[in-house]
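Undergrad: Letter by letter, the chains look like this.
There are 2 protein chains.
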Amino acid sequence: MTANPTLVEALRGSAVESTHRGAWAVVDADGDVVASAGDIDRPIFPRSAVKLLQALPLVESGAAERYGLNDEQLAIACASHNGEPRHVAVAASMLAAAGVDDAALECGAHWPYRDVVQREMAAAGRTPTALHNNCSGKHAGFVCLGCVLAGDADKRAFLSGYVKPEHPVMREVGDAIEATTGWRLADTPRGTDGCSIPTYAIPLRHLALAFARAGSGIGLREGRARAAKRLMAAVTAEPFMVAGSGRFDTRIIERLGERVFCKVGAEGVFCAAFPKAGLGVALKMDDGASRACEVVMAALIERFVRLDEAERGFVHAFADQPLVNWNGLDVGRLRWAA
Amino acid sequence: MTANPTLVEALRGSAVESTHRGAWAVVDADGDVVASAGDIDRPIFPRSAVKLLQALPLVESGAAERYGLNDEQLAIACASHNGEPRHVAVAASMLAAAGVDDAALECGAHWPYRDVVQREMAAAGRTPTALHNNCSGKHAGFVCLGCVLAGDADKRAFLSGYVKPEHPVMREVGDAIEATTGWRLADTPRGTDGCSIPTYAIPLRHLALAFARAGSGIGLREGRARAAKRLMAAVTAEPFMVAGSGRFDTRIIERLGERVFCKVGAEGVFCAAFPKAGLGVALKMDDGASRACEVVMAALIERFVRLDEAERGFVHAFADQPLVNWNGLDVGRLRWAA
Numbered sequence: 002m003t004a005n006p007t008l009v010e011a012l013r014g015s016a017v018e019s020t021h022r023g024a025w026a027v028v029d030a031d032g033d034v035v036a037s038a039g040d041i042d043r044p045i046f047p048r049s050a051v052k053l054l055q056a057l058p059l060v061e062s063g064a065a066e067r068y069g070l071n072d073e074q075l076a077i078a079c080a081s082h083n084g085e086p087r088h089v090a091v092a093a094s095m096l097a098a099a100g101v102d103d104a105a106l107e108c109g110a111h112w113p114y115r116d117v118v119q120r121e122m123a124a125a126g127r128t129p130t131a132l133h134n135n136c137s138g139k140h141a142g143f144v145c146l147g148c149v150l151a152g153d154a155d156k157r158a159f160l161s162g163y164v165k166p167e168h169p170v171m172r173e174v175g176d177a178i179e180a181t182t183g184w185r186l187a188d189t190p191r192g193t194d195g196c197s198i199p200t201y202a203i204p205l206r207h208l209a210l211a212f213a214r215a216g217s218g219i220g221l222r223e224g225r226a227r228a229a230k231r232l233m234a235a236v237t238a239e240p241f242m243v244a245g246s247g248r249f250d251t252r253i254i255e256r257l258g259e260r261v262f263c264k265v266g267a268e269g270v271f272c273a274a275f276p277k278a279g280l281g282v283a284l285k286m287d288d289g290a291s292r293a294c295e296v297v298m299a300a301l302i303e304r305f306v307r308l309d310e311a312e313r314g315f316v317h318a319f320a321d322q323p324l325v326n327w328n329g330l331d332v333g334r335l336r337w338a339a
Numbered sequence: 002m003t004a005n006p007t008l009v010e011a012l013r014g015s016a017v018e019s020t021h022r023g024a025w026a027v028v029d030a031d032g033d034v035v036a037s038a039g040d041i042d043r044p045i046f047p048r049s050a051v052k053l054l055q056a057l058p059l060v061e062s063g064a065a066e067r068y069g070l071n072d073e074q075l076a077i078a079c080a081s082h083n084g085e086p087r088h089v090a091v092a093a094s095m096l097a098a099a100g101v102d103d104a105a106l107e108c109g110a111h112w113p114y115r116d117v118v119q120r121e122m123a124a125a126g127r128t129p130t131a132l133h134n135n136c137s138g139k140h141a142g143f144v145c146l147g148c149v150l151a152g153d154a155d156k157r158a159f160l161s162g163y164v165k166p167e168h169p170v171m172r173e174v175g176d177a178i179e180a181t182t183g184w185r186l187a188d189t190p191r192g193t194d195g196c197s198i199p200t201y202a203i204p205l206r207h208l209a210l211a212f213a214r215a216g217s218g219i220g221l222r223e224g225r226a227r228a229a230k231r232l233m234a235a236v237t238a239e240p241f242m243v244a245g246s247g248r249f250d251t252r253i254i255e256r257l258g259e260r261v262f263c264k265v266g267a268e269g270v271f272c273a274a275f276p277k278a279g280l281g282v283a284l285k286m287d288d289g290a291s292r293a294c295e296v297v298m299a300a301l302i303e304r305f306v307r308l309d310e311a312e313r314g315f316v317h318a319f320a321d322q323p324l325v326n327w328n329g330l331d332v333g334r335l336r337w338a339a
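As they're listed, the protein sequences go chains A and B. The working numbering numbers the first residue of the first sequence as 2 and each following residue consecutively. The working numbering numbers the first residue of the second sequence as 2 and each following residue consecutively.
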């Protein structure tokens, strides 16, 4: 097996200190590979980078309409959020709309990702609940979907175990992933994600195809195409909800609007749709490094999205960024190496 | 350039999700390579992994004796600590012994590494000072050394800029690194470390040699050999001070005592002395991953240090460890891949 190429390098002074290898694919909605690097045919776990695909049944099933979900709520259904107060409130509001509360969430609790939020909570004497879990919006979406799928059955009884692969909620989610990626999930490695739902190994080529399809509607049945369009519009309208203060996804979508939908996943995965360009993107750092996958996504946005000069400068600052030490001194750079 | 081998793999379920490449060297005090993997001749920045070498002048100069530094204080001079209350108090006590305070520290301030300590401070309405910096003990040692080097000069004036390469304190530190590693610093890349002191690129082969020498005294002048022995004894006596609650270095040294001195550095570097085995060790993960460098160090301890069965189980649990999700479910493993 050939090693994937070095995509990102961290410099200290003028010397390369660390390097990050990986692979990426830029694909159109016909599945043609427009550009790529490294092995894009090895199945990888996309983790949270496919939350938009996982949220498709929430919309297509009619659950989003039934519960009157707005842009904020649909955006957080696709999010890995910071656990900031607005995120927590919006996730809670989805559960309330479906007539349940956070006891229905099966994602587990963790302290918010954002340190300053953690400290604010600690200062206020509070501890985290499942609503602070970065996946709480996605899970609130699963719960809303489950409440509709329950029909006349007892909601709480029906929802129990909704994270399991064989539960009707996860079967709907799996169907959406299979249909958009064109990759058979029954025959591929399956793992358990951080929030306890299944994650299926899928090649970058197929993940990129799914986002080209989601961004264009091409190759999807009508309801699914409409659902993808609705979810992307929601994220474009409320980019804070998909990540939060200071986060790459939020900052990029705030600035570039409907030209870019991007979503990070754990272990160095990133997926994106560039709808105006008709392209889907998927990348994975071999080592799982978050810092590196952001650099690569920025470099691909620079290369494949139409930007004006100011926007190019904004995006380039992520693709070649200073490393600063505890005294605020510039000590090196983290940059696209290709 | 051939890629370094994969040393660590992260599994999700039974599939490999991420991999970490790197290089390691195990060397005796004559400089003979006992075992190695990857490129051990490329200079790498050792960062905090050489804090013991950087603390040698503190002892050899007589400063440690002049200020009556005890085991706790000498151990924290070699530390990247958690910023726990005991760490902060001991670093402060070193400055007090030298007749200065934390205004003398030039390492910068940051919130403690350990989340729970951060939250405790926030709950108490406190903010971090330079004493909470993980390097504060090392810097307190530099300040003590500087106070002795100052002689009759004004201490505060003399200390100003002690982090700069040309300052007498850093010249002493550089001399100790050059003498122990046998690597000329004038001709090698130099960067600025997180705490603003210089870090010099040195091959793993030479870093391992330095620790074989530090652990045995072989190849060092008498005062330096004594200083190395004194510092290792201090860390063995007070392993909490070198890192802190839950940390690899602290837990390993607590359990294995004088058989292992190990010290992590930023960007996936680890150095160690196995004094009873007469060996020095140095490793660097290409991608800078901390999680991976601990796995490799554990695997090398398992292989090169004499352990009883219970100790072997203890160490092996670091070399092949479960990955657990937010619900506490086992979702994979992080393990030595070689």
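No lab work stands behind these hints: they were computed from the structure. Any given hint might turn out to be false.
[Said to hold, decoys possible] Pairs of lysine to any residue, SDA-like flavour, derived with a Cα cap of 25 Å:
no.	chain 1	residue 1	chain 2	residue 2
1	A	Lys156	B	Lys156
2	A	Lys165	A	Trp112
3	B	Lys165	A	Leu330
4	B	Lys156	A	Asn328
5	B	Lys165	A	Asn326
Owing to the predicted nature of the structure, the values given are computational and were not obtained by experimental measurement.
Undergrad: Confirm or reject each hint.
TA: Verification of the hints:
Note on Lys156 of chain A and Lys156 of chain B: the hinted pairing is violated, with a Cα-Cα distance of about 72 Å set against a maximum of 25 Å. Using a Cα cut-off of 25 Å, the hinted pair Lys165 of chain A and Trp112 of chain A holds, with the two alpha carbons roughly 24 Å apart. Restraint check for Lys165 of chain B and Leu330 of chain A: the C-alpha separation of about 13 Å stays at or below 25 Å, so the hint holds. About 22 Å separates the Cα atoms of Lys156 of chain B and Asn328 of chain A, which keeps this hinted pair within 25 Å; it holds.
This hinted pair checks out: Lys165 of chain B and Asn326 of chain A have alpha carbons roughly 15 Å apart, not beyond 25 Å.
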